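Visitor: What follows is each chain in one-letter form.
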Amino acid sequence: MNRLRLWLLAVGGAGLAALLVAACLDLPGFGGDRHPYGDRAVHASLLRHTANTVASVNFDQRAYDTLGEMSILFAAVLGCVVLLRQARDEHRAPPEPAGVARPVRRYALLVLPVALVTGLYVIAHGQLSPGGGFQGGVVAATALHLLYLGADYGALERVRPLGVYETTDALATGAYLVLGLAPVLAGTAFLANTLLPYGTFNTLSSGGTVPLLNAAIGMEVASAAVVLLAHFLDQAVEIEEEHGS
Amino acid sequence: MADALIVVALLLVAASATAAVAQRDPARQALVLSFMGVLLAALFTVLQAPDVGLSQLAVGSALTPLLIMLSVRKVRRRGRARKEPE
Amino acid sequence: MHVLPYLVAVHLFLTGCYGLATSRNLIHAVGCLAVCQSATYVLLLAVGYRDGGTAPVFSDIRPGSRPVVDPVVQALTLTDIVVGATVTALLLALVLQIAKRHGTVDPDELRELRG
Numbered sequence: 001m002n003r004l005r006l007w008l009l010a011v012g013g014a015g016l017a018a019l020l021v022a023a024c025l026d027l028p029g030f031g032g033d034r035h036p037y038g039d040r041a042v043h044a045s046l047l048r049h050t051a052n053t054v055a056s057v058n059f060d061q062r063a064y065d066t067l068g069e070m071s072i073l074f075a076a077v078l079g080c081v082v083l084l085r086q087a088r089d090e091h092r093a094p095p096e097p098a099g100v101a102r103p104v105r106r107y108a109l110l111v112l113p114v115a116l117v118t119g120l121y122v123i124a125h126g127q128l129s130p131g132g133g134f135q136g137g138v139v140a141a142t143a144l145h146l147l148y149l150g151a152d153y154g155a156l157e158r159v160r161p162l163g164v165y166e167t168t169d170a171l172a173t174g175a176y177l178v179l180g181l182a183p184v185l186a187g188t189a190f191l192a193n194t195l196l197p198y199g200t201f202n203t204l205s206s207g208g209t210v211p212l213l214n215a216a217i218g219m220e221v222a223s224a225a226v227v228l229l230a231h232f233l234d235q236a237v238e239i240e241e242e243h244g245s
Numbered sequence: 001m002a003d004a005l006i007v008v009a010l011l012l013v014a015a016s017a018t019a020a021v022a023q024r025d026p027a028r029q030a031l032v033l034s035f036m037g038v039l040l041a042a043l044f045t046v047l048q049a050p051d052v053g054l055s056q057l058a059v060g061s062a063l064t065p066l067l068i069m070l071s072v073r074k075v076r077r078r079g080r081a082r083k084e085p086e
Numbered sequence: 001m002h003v004l005p006y007l008v009a010v011h012l013f014l015t016g017c018y019g020l021a022t023s024r025n026l027i028h029a030v031g032c033l034a035v036c037q038s039a040t041y042v043l044l045l046a047v048g049y050r051d052g053g054t055a056p057v058f059s060d061i062r063p064g065s066r067p068v069v070d071p072v073v074q075a076l077t078l079t080d081i082v083v084g085a086t087v088t089a090l091l092l093a094l095v096l097q098i099a100k101r102h103g104t105v106d107p108d109e110l111r112e113l114r115g
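Chains as they are written, first to last, in our numbering: chain A, 1 to 245; chain B, 1 to 86; chain C, 1 to 115.
Some clues are possibly wrong.
[As the list claims (entries may be wrong)] The following label-pair restraints were derived from C-beta to C-beta distances:
1. LEU9/A / SER59/C: 45 to 53 Å
2. LEU16/A / ALA15/B: 16 to 24 Å
3. VAL104/A / GLN97/C: 44 to 52 Å
4. ALA101/A / PHE35/B: 18 to 26 Å
5. ALA27/B / PRO103/A: 42 to 50 Å
6. ARG40/A / ASP106/C: 45 to 53 Å
FYI, nobody ran anything at the bench for these hints, they're computed from the structure. No experiment lies behind these values; they were computed from the predicted model shown. Glycine included, each C-beta is placed from N, C-alpha and C at the ideal position.
All chains, please: the whole structure from these sequences, using the hints.
Guide: So this is what it looks like as structure tokens:
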């Protein structure tokens with residue numbers, strides 16, 4: 001049985017490898033000079049005074065796709081919350097505070113504010129420099145968890161009222177939708193970047209609605225990551241099964 | 001110069017991916033994955049995609065391995081709790 | 001050099017698939033899926049690269065002064081990474097549920113349980 005499975009895998013894998021390699025040989029060569037979509041995206045981004053073209057593609061030209069992606073994130077977090085909730089045959093046992101080596105504590109508490117501010121900076125400058133809501137959100141959320149390394153789980157739970165983050169997650173998703181619907185009320189299309197003036201190129205308020213959508217995504221990703229990590233941490237550290245069940 | 005850098009980064013990524021799959025212990029695999037995340041971030045930076053590199057650094061080398069480690073810990077703790085009462 | 005990045009993407013995908021098929025631990029399988037996902041990042045970015053191009057960010061260069069690489073595939077990859085992470089999280093949550101209900105994370109033992 002197991003041998004048969006390995007044979008099947010080998011044959012299928014070899015066939016797939018042959019097809020993929022044949023496809024690779026037919027792709028346009030690496031580093032080629034023809035990027036028609038890229039050139040048009042750069043042109044459109046410059047017309048709307050957005051310095052970071054990737055942010056312009058994400059939050060202006062393909063903002064509708066980002067809405068879909070955000071919904072995936074939201075639904076996945078919801079699924080994790082449901083799957084990892086405390087079941088009836090489980091109980092919570094707060095872990096005993098464990099000693100932390102002094103250098104670890106000092107380093108973690110020193111880096112925490114720096115990492116948090118870096119995350120927020122990366123979110124805020126999404127339309128200007130590399131970065132944006134997705135990256136900064138994850139950085140800010142993981143930065144918060146340095147507290148678990150530097151102090152202990154109880155300290156982390158005190159600065160992390162989970163309900164607030166869950167509400168923020170939902171609010172940010174709602175904000176993105178409202179920002180998308182506002183242009184419809186004004187008479188243009190869903191998520192069209194027409195409401196706000198495009199501003200001065202290369203300043204924080206440039207790009208029309210791009211900074212706003214970016215901030216909504218930043219809030220969403222940060223709170224989604226915090227909620228996810230919180231539930232996994234709860235499972236790993238606190239929730240225990242009843243013995244003898 | 002840039003070409004050589006790209007080739008080196010590509011080969012390192014391929015090697016670390018092989019190592020990540022070959023390492024059968026999930027806790028160690030999480031460490032290898034985290035290392036591979038850093039290499040991928042370096043590759044993306046060399047490929048002139050700093051946005052993607054930053055995202056990969058945050059997600060691939062911090063968030064995903066962290067989630068895997070926490071799951072491993074939960075499953076192991078369960079295994080221990082199971083054995084104790086018997 | 002012309003096809004090397006694509007071949008690396010193929011390698012990543014196939015190694016990940018091999019790990020998925022032969023894995024004896026569901027958590028390890030999720031890690032292998034993460035390797036599979038990284039193949040798509042490498043492929044997308046390789047398609048958008050341009051020799052001598054720079055990052056498509058104009059905060060420190062004058063627009064039009066230098067060729068830039070394709071920003072569209074970069075945006076796609078960005079989306080891909082975030083969705084990949086959420087898929088990993090959801091799968092790990094499912095694995096924890098399986099461990100809770102069946103007491104094992106070995107796919108072969110799970111099949112025997114089903115009978």
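Visitor: The structure should be examined with respect to each hint, and the outcome stated for every one.
Guide: Against the structure, the hints:
no.	hint	in the structure
1	LEU9/A / SER59/C: 45 to 53 Å	holds (48 Å)
2	LEU16/A / ALA15/B: 16 to 24 Å	holds (21 Å)
3	VAL104/A / GLN97/C: 44 to 52 Å	violated (33 Å)
4	ALA101/A / PHE35/B: 18 to 26 Å	holds (23 Å)
5	ALA27/B / PRO103/A: 42 to 50 Å	violated (23 Å)
6	ARG40/A / ASP106/C: 45 to 53 Å	holds (51 Å)
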